[in-house]
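Undergrad: Here is what each chain is made of, one letter per residue.
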Amino acid sequence: MGYSDKVRGIYQDTLQKIEGAGLFKTERKIFSAQSAEIEVEFPAGAPRKRVINMCANNYLGLSSHPDVVAAAHQGLDTHGYGMSSVRFICGTQDIHKELEQKITEFLGTEDTILFPSCMDANAGVFEAILTEEDVMISDRLVHASIIDGIRLSPAMRDTFKHQNMEHLEQKLIQFADKRVKIVITDGVFSMDGDTARLDEMVALCEKYDALLFVDDSHSSGFIGKTGRGTHEKYNVMGKIDIITTTFGKALGGASGGCVSGRKELVEMCRQKARPYLFSNTIAPVVVAGVLNVLETLSKSTERRDKLETNSAYWRQGLLDAGFVLQPGDTPIVPVMLFNAKLAQDFSRDLYAEGIYAIGFFFPVVPNGAARIRTQISAAHEIHHLDKALEAFIKVGKKYNILGKDKKQIIEMYGM
Amino acid sequence: MYTRMNAFLQAELEQIKSAGLYKEERVLVSPQSAEITLINGARVLNFCANNYLGLADHPRLIEAAKEALDTHGYGMSSVRFICGTTDLHKVLEQKIAEFFGTEDTILYAAAFDANGGVFEPLLGPKDAIISDTLNHASIIDGVRLCKAELYRFANANMEQLEERLILAQEHNFRLIVTDGVFSMDGNVAPMDKIVELANKYDAMVMVDECHSAGVVGPTGRGVTELFNLRGEVEIITGTLGKAFGGAIGGFTTGKKEIIALLRQRSRPYLFSNSLPPHIVNAGIRMFEMMSETSELQDRLHENTTYFVEHMKAAGFDLKPTKSAICAVMLYDAFLSKQMADMLLEEGIYVIGFSFPVVPKGQARIRVQLSAGHTRAHLDKAIAAFTKVGRKLGVIQ
Amino acid sequence: MENIKDVVLKYVVDEYLDDPEDEMTYETPLISGGIVDSFSMVSLKRFLEATYKISLPDDRATPEAFDTVNSITDLVNEFLAKK
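Protein chains in written order, with the numbering used here: chain A, 1 to 415; chain B, 1 to 396; chain C, 1 to 83.
The hints are simulated quantities; they were obtained by calculation from the structure and are not laboratory data. Virtual Cβ for every residue (Gly too), placed ideally from N, Cα, C. Among these hints, one or two may not hold up.
What the hints assert, rightly or not - Listed next, the stretches of chain A that the computed footprint assigns to chain B, with coverage defined by at least 3 CB atoms under 8 angstroms from CB atoms of chain B: (1) 22 to 32; (2) 67 to 76; (3) 260 to 270; (4) 279 to 291; (5) 316 to 328.
Said to hold, decoys possible - Going by beta-carbon spacing under 10 angstroms, a handful of chain A positions derived as facing chain B: (6) Ile18; (7) Asn58; (8) Ile95; (9) Gln101; (10) Asp209; (11) Asn235; (12) Asp241.
Let the sequences and hints guide you as you build the complete structure.
TA: See the structure below:
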């Protein structure tokens, strides 16, 4: 066949180039459940090591919570393992409808549709609701899955500078003649941990007659005083036209996502969104777990409160130690190192100290903005955070970056 | 704003309804199985699931899922390359490669994502994709996200494929893309001829085994087994969401450099969650079961042969099938829907398909057989089809 | 007519730079340097077409052609000459 040595060679070269540029992603094998402490083998073949995990999206610590696991067991018993069907053929069980209803209540929207993942929700939603007469205006730092969705939609596209309301307003004026204008943003931006000013955005959207779309994947379950998301934090519940979110992070961490919002928009997705129509329904075991998570969160804010306390403690500890952080108040706390190699070396040294936190660099973040993105969980206890802090300080001293500002670190290590 | 949009949407939804294209969901209150319970309490036989091997409620898969829930928890809350790869994920990838006789495997959240993310990392603007017109929607979306030039050939039409390959000679790489089994007709792609042409015109081949893996070939290894091409096709995509237990998850398996590059660049892999460990462990158990015995595959083949023979004998017009999909041709959209509704009253759950899912004038009822069906289930379905078919004048 | 290079540079600075203090030259890599993403390129293309009353076909409006103010200026000049 066509896969000659020549073709093989070409792909081998490409892989070597990725490696040579220091951009190769290596998977570390985990031998335990996702939790504050995990058992890791890294590099491959090395002895397993118990480390503190500082980079999971396990914000509420529910990924291996006994209640969620028990609910999943029960779901397997009552509703089986798989559905082997898309939703509209024979893949809708009572619990799928129940979950849609519970999400709607939790987020304070009109209706909800489940997708196999939030990636699929974002990839499918714009094509389902927009036409070539419309325009999509997105924040420049929205998540990659939204970008794929925008690419698949026939509507015109434009962007505004990250969190820059004047620039957004200019764009809204520029596209005044469009049939539908939709403003697209993440609720919490995953790389920087900052929250979108949804109050200001709602005001602008109302003034210029635009829809507002928010991906709340890194907020649902813990942002806002009862954890409903970024719209709760900014007091605009009920005013967001479309919210997408995932069950793959705080809400149990297994899989699945949804589009929640105005009921006609949701209905359009049911009729037209391709990943919904052409991909499997969410497995009942996963649905059962998420239902349990929502029940827990509706009863008590204990976990999100603990997460908030933990996050503040961690952020303050790093600031006191003299690290450069991205400003914010979410559980995403990026420790800025600017140089890609420094980020990788730093991560390796942390691992030696029993701390699991990986480096992020171009193209995931802009050139010269390499970092260690730490993510705090309600599963962390203060002793975990203290140990992690100690390790960060030790490694920070080794590289002599404590108390140094951006300019000084770049002078020492380059962009 | 929303008021104006709302008016537009309501009009559009009305239009979908009046065109008869509105999709309603029937709610099940039981596990997926040969026999299911609908929300109104009706117990019906299910002939429209992709539950080809009858594994959707198999006790051994449920047991495996429970074991992993206890050892590895409920979710990973991470993409693969951050902290979402467990030992189980690597074992499953290995098992899938062994099953298909390939070099390596990469898991995805869904087969939709496997197909959506396979083209862009591998092919650029100088390359060509030559795609069967009846390929699945997820392949179409994957191609839309890729900059390579697209050539299309009519379903399983080898003359057209050859013409397109000749036209595509100016391109750097050529990739022929086909479903293994086409989901609406149940026909199998002529892989022997496709591979012959690929060799002649220096092209790679990708086959989507979603409806063929577990089903086609003497031991259910898919179309590459059926045509004696194990390990020779460069890229195979497939799903854990149909024959293989039916929960969630998809995969791409094939040449190791291709898989390695997908791990670095495939967007749905990089930006979507790792499969939950309980699903992964059930997948491992499933492939272990497959390698112990071909009992389920054999039963599925027997069931399909039995059903097709008896339906033909009853006088129904069936599309020729080599899979577990049997299209009962009615040619009329209204008739298809009416017949499906009447069959449901007889306790047989099937779905009528019409335009735009199938071409105009090609409306049909699609029956999907399962190893979970017993002989009594099949007899009941054949009797119901015959009764309703006579009543509607479809057969004598 | 105002110098094309400077018009393009000013637009790029206003439209894409978060911090106007950041240094930007005619040769700063815009796309490969991560300053302009592929989406934002669409608005840059629209700006050029509207400002200079030209039409840039998709196969010429490539990330390579849009990578620096200089290369963008060359492209604009080429299409102005064709008018």
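Undergrad: Against this structure, judge whether each hint is valid.
TA: Cross-check of the supplied hints:
Coverage of the segment 22 to 32 of chain A by chain B holds [criterion: at least 3 residues with CB-CB distance below 8 angstroms; count 10]. Proximity of the segment 67 to 76 of chain A to chain B, defined as three or more residues with a beta carbon under 8 angstroms from a beta carbon of that chain, is established by the 5 residues found. Counting residues of the segment 260 to 270 of chain A whose beta carbon lies closer than 8 angstroms to any beta carbon of chain B gives 6, which reaches the threshold of three, so the coverage claim holds. As drawn, the segment 279 to 291 of chain A meets chain B at 8 residues by the rule of a beta-carbon pair under 8 angstroms; at three or more, the given contact holds.
Under the rule that three or more residues need a Cβ within less than 8 angstroms of chain B, the assignment of the segment 316 to 328 of chain A is violated, with 0 such residues. Taking 10 angstroms as the C-beta cut-off, the interface hint given for A:Ile18 holds, the closest approach to chain B being about 5 angstroms. At its closest, the beta carbon of A:Asn58 sits 4 angstroms from a beta carbon of chain B; the interface hint therefore holds under the 10 angstroms criterion. Interface restraint check for A:Ile95: the shortest CB-CB distance to chain B comes to about 9 angstroms, inside 10 angstroms, so the restraint holds.
A distance limit of 10 angstroms between C-beta atoms decides the matter here; for A:Gln101 the minimum to chain B is near 12 angstroms, and the interface restraint is violated. A hinted interface residue such as A:Asp209 counts as satisfied when its beta carbon comes closer than 10 angstroms to some beta carbon of chain B; here the least separation is about 4 angstroms, so the hint holds. Checking A:Asn235 against chain B by beta carbon gives a least distance of about 19 angstroms; that is not within 10 angstroms, so the hint is violated. The restraint placing A:Asp241 at the interface with chain B holds, with a minimum CB-CB distance near 6 angstroms, inside the 10 angstroms limit.
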